[in-house]
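Position chain B against the provided structure of chain A, taking the given hints into account.
Protein chains: 2
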Amino acid sequence: MDTGSSSTADHLRAALDGPWGDVREEARKQLAGDEFAGDPHLDYKAARARVLEQMRTISTMGIAERGFRRENGGTGEPGAAVTGLEMLAYADLSLWVKAGVQWGLFGGAVENLGTERHREYIERLISLDLLGCFAMTESGHGSDVANIETTATYDPATDEFVIHSPTPSARKDYIGGAAEHARMAAVFAQLVTDGENKGVHCLLVPIRDEQGADLPGVTTYDDGLKGGLPGVDNGRIVFDQVRVPRENLLNRYADVAPDGSYTSDIENPSRRFFTTLGTLVRGRVSVGGAAAAGARVALSIAVRYALARRQFSDPDTGEETLLMDYRSHQRRLFPLIARSFALAFAQNDLVRRMHLVQTGQNLDPEAQRSLEKRAAGLKVAQTRHATRAIQECREACGGAGYLTENRLVTLKADTDVFTTFEGDNVVLTQLVAKELLTSYADEVRDLDALGWVRFAATMAGDVVRKRSGVRQMIQTMRDRNDESVDEGDLSRRSVQLQLFADREDYLVRTAAHRLRARAKETGPFEAFNNAQDHILAAGTAHIDRLVLEAFIDGLADIEDDDARHLAEAVCDLFVYSLVEEHSAWFIMHRFMSVERAKAVRRGVNELVDRLRPDALTLVEAMGVPESMLRAAMLDDASVYDRR
Amino acid sequence: MDTGSSSTADHLRAALDGPWGDVREEARKQLAGDEFAGDPHLDYKAARARVLEQMRTISTMGIAERGFRRENGGTGEPGAAVTGLEMLAYADLSLWVKAGVQWGLFGGAVENLGTERHREYIERLISLDLLGCFAMTESGHGSDVANIETTATYDPATDEFVIHSPTPSARKDYIGGAAEHARMAAVFAQLVTDGENKGVHCLLVPIRDEQGADLPGVTTYDDGLKGGLPGVDNGRIVFDQVRVPRENLLNRYADVAPDGSYTSDIENPSRRFFTTLGTLVRGRVSVGGAAAAGARVALSIAVRYALARRQFSDPDTGEETLLMDYRSHQRRLFPLIARSFALAFAQNDLVRRMHLVQTGQNLDPEAQRSLEKRAAGLKVAQTRHATRAIQECREACGGAGYLTENRLVTLKADTDVFTTFEGDNVVLTQLVAKELLTSYADEVRDLDALGWVRFAATMAGDVVRKRSGVRQMIQTMRDRNDESVDEGDLSRRSVQLQLFADREDYLVRTAAHRLRARAKETGPFEAFNNAQDHILAAGTAHIDRLVLEAFIDGLADIEDDDARHLAEAVCDLFVYSLVEEHSAWFIMHRFMSVERAKAVRRGVNELVDRLRPDALTLVEAMGVPESMLRAAMLDDASVYDRR
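So the protein lines, in turn, are chains A and B.
Residues 1 to 643, numbered by the numbering used here, are exactly what the first sequence covers, in order.
Residues 1 to 643, numbered by the numbering used here, are exactly what the second sequence covers, in order.
Fair warning: there could be bad hints in the mix.
Mimicking DSBU-like on lysine-lysine, the simulated pairs with C-alpha atoms at most 35 Å apart in a straight line are [as the list claims (entries may be wrong)]:
| # | chain 1 | residue 1 | chain 2 | residue 2 |
| --- | --- | --- | --- | --- |
| 1 | B | Lys-598 | A | Lys-520 |
| 2 | B | Lys-198 | B | Lys-520 |
| 3 | B | Lys-29 | B | Lys-45 |
| 4 | A | Lys-598 | B | Lys-598 |
| 5 | B | Lys-45 | A | Lys-45 |
| 6 | A | Lys-598 | B | Lys-520 |
| 7 | A | Lys-29 | A | Lys-45 |
| 8 | A | Lys-520 | A | Lys-198 |
Since the hints were derived computationally from the structure, they do not count as laboratory data.
All values reported here derive from a predicted model rather than from experimental measurement.
For reference, chain A alone in the conformation it holds in the complex (with noise of 0.2 Å):
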């Protein structure tokens, strides 16, 4: 019981660690030092010059050229670059938030929405020797990223764009970088050409000189302190009539000629808006990722606390009781760590997924809209999981939990933002949401809720049945195991699914007929707005069918039986501990029977009794190494374990 680092626990760690084990096996190696972990006594303009030697050090490593193609001077591979770059997140948040503005978001934007005239800034902002930021949310508008007010109106007289703000809300912020250390920004503003709103562009505008002094035009206001993420110089960005070259607007999609014509391939400007945004989702895939992270490493800071410390004695034998052998202890932490697997496995599916589409593999016209979709979700998904798993996990180590030499309520502080940045989670749910509703149709694609309305209101609940490869995937595992039709047995997989893709499907068939209903009845913001809780509802159904999958699929790629078996018990406790957490919605949509609820709730206790034996190689799978944990009640079993 509880001896660890079996080899159960190594196969796995290789099954969660996924298609690009060797990068994470490489970067365990690499990050493990103290050089790259978090000093909480910094305060944050010592923490923030910390997090910056420390990306000077990371980017000799060769980590961040995975994340730009070739020509660019890259090495072309982005699934390992998203999943290298996740690692750090084991080391330090600020670290990898920094790492994710510089690399993923600025230089993201310049990789995907430029063109060669914007090669040459490439290299140097992988070498750092430009360092950016990625000035897209103002003070006024993040979720509406459509309506945001930075103006770039192009002056043809001088052949330049004038980047104003022109009001207060129109300012850039929370902008990572735009504090202190950002030379450049790229800057999404309404573009104005001949008088006329072109929509959101992205140009990249110098802020500072190379001293770090604000350059004239521009201001730069520090967001200072913040829940967490201190080595991070969030930032604001004022531009009073600040001049660039016509050339610095990244110019893929659209261009401006010197004349003041403009000229786009894309002519629908929705669809222009929605393709340079979607270009950014590698943003979206890393948060998530990164959020599940720490997520395992709460858990893994937990679990073993668990296992060392004991409160009350067992009057049977006298002996105090270890907390992982309490019920209560057990069915707060294992269900947590069952969704860390899910998430881990459809986590490595989606970024093998965005590998495919990025690298050209995969060229079905459908894949990038459905790889947004999908980054959208389980950056909820994730994320939501971060905030709940951490909080658990401090209150489950008591005083201990608090004391920042255990790291937990850092994770918890810089996580925390997390379910609010790239995409506010309740936005983001909303937008799967709405995907499912109308079916993937591109015209309503547009985030104006009535036209939306108006299409879901028609279109919506015929088009439901349609989608999704899910009914061909229960039908082949019901083959497969040659499972006769008992639609009572919650232990088969088919069985699971077929729960989760009901709940789904009547979710979003209902939402689509409240809609209608209501859309006679009162406006469409209005019946939209009646609806947001169902609709919400529904996308969180689709998440979780998802993921269901993905854990589903990471099941059959184990090869080793033990690993396989228990990988097994813990994918029935995501699913039971999910079911329960929904039977009330089950119940009454008349999905489970009153008598079968009951037999879910006491198969959460049987398995978290099943799986208590195993608590130290689950975490062990989770692939969070011990020299990465820093939580120093875990080195000090004089103090917590007395057996």
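Then chain B, alone, in the frame of chain A:
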């Protein structure tokens, strides 16, 4: 709509302010200045110094005296003391904790466990001439106080106690004041005399000299950075054979004579232990109150922001929509406001009960015990609420919510440990449930699981129906409202209360049955542990019922019709959202039909619609003055309110 500052808000505020409303009003004026606010830019050393300075100012205000009896130099107003100190939480939670440690915990130990011979200390600790700390928790034992390891061994040769930390896990830990400021500690230790362990007692032990250096045999350590509460100097204390005079034993309930003979008026050691701990109930009462105060500050900020911040256009009007007008946002915040109202009434009721017991106006021998159970339960409910509400508020304010200047992250970080200190919430919920199961039987009150399960197995089930006046209350309400028996109308208070009481009764009764059945098969610990989730649910249901009763009582005292009608809707939302949360349970146990559960969900939506126009009135009623909100974004209308 949203005009605010209405007389309705004033009436509601008066109701929520409770019996010591004048104390709250006075504190709102006294504490509004910058000098009492936290300064998040200070490092923790400076933050501690600042809080100590604030304490010195407060010690001149007459606030601390209220907590002590007249014969000890106080004014003998425990209700006013707890209420007045709670208001410090609006200013800064570090300050509140520091005051609570000095006057509540340390002062409370001397006042309640000491006798005349310790009176000299009280005047000095009120004035801060003597700074103290409360050294109960050890690294190895927090929840299980009965098994702490520090020893106080009487040496008749010198008429002294020898205080000692025999093991690494015996070190005192997380002790507020131990790192820097405290000169004396109220140390809980196993009292040994004549070679016999007499159980846990409390002694006063000087730990530092006037210059702040550790006294001989005492070694203090700094717990360093924590998740929050930077102004509190938590630390560790290790004792190496430290000698104190015999008279330093706080000897109200037990004493040791010069010859080493031990005497106590309370013969049963277990009852003596619980009597000792019971006198400290004010700590739990206070923690719950301060946590709820923190939640009110956060909700006041988040709601005001949602009434200014807009995002996405309403296509029906072209105007950007206020966050507060989104259904999802209403569902996020209004149920939390409703719970804050409920808990405010419950806290006022608790403080009033405490006041009556502690001033000798309530001499019912059951009152102290009932008070302890209620304080434990409300500590759980309020701290859990704070954790959840403040998290939700942070997320509801997006990126702005993550900036320290908007205060929500500080509230989150500072309150996070409230679910742990003064009793871990899981352990306290269990304590409440055990009391229910054993129906207050003194003889099983010790924490020994063996005896307890044996008792529960024979007694529970028979006694569960006897306790509490809830049935009387329901009947009274039925009579008052001239209700015919319409069991189905959940808008009736009697039906609501019946539903809550039914849930509690059922859970307690079935937990008892389950224990009885299992105890025969397995050992008692195994039986208990197997049913732990069930037992915890019973405790939670009890707490929910108490809170609802307090809300209903509070409603009856609101004389203004508009105010009362509004509060009635808030109470409905409290009930509906709580029933919605537990709807799976209600359906599964046949207390509610599927149709009614669906109606409850619709009811929540209708109630948030109903309350939307009164959002500002509701937060004004919560009584956090605008001057104490200290969220920069609320002062920055040009950026966020673009109407």
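Structure-based check of all given hints:
1. B:Lys-598 - A:Lys-520: holds, 23 Å
2. B:Lys-198 - B:Lys-520: Given pair B:Lys-198, B:Lys-520 holds - Cα atoms ~33 Å apart, limit 35 Å.
3. B:Lys-29 - B:Lys-45: holds, 29 Å
4. A:Lys-598 - B:Lys-598: holds, 20 Å
5. B:Lys-45 - A:Lys-45: holds, 17 Å
6. A:Lys-598 - B:Lys-520: OK: A:Lys-598 and B:Lys-520 at ~23 Å, within 35 Å.
7. A:Lys-29 - A:Lys-45: holds, 29 Å
8. A:Lys-520 - A:Lys-198: Roughly 33 Å separates the two Cα atoms, so the pair holds.
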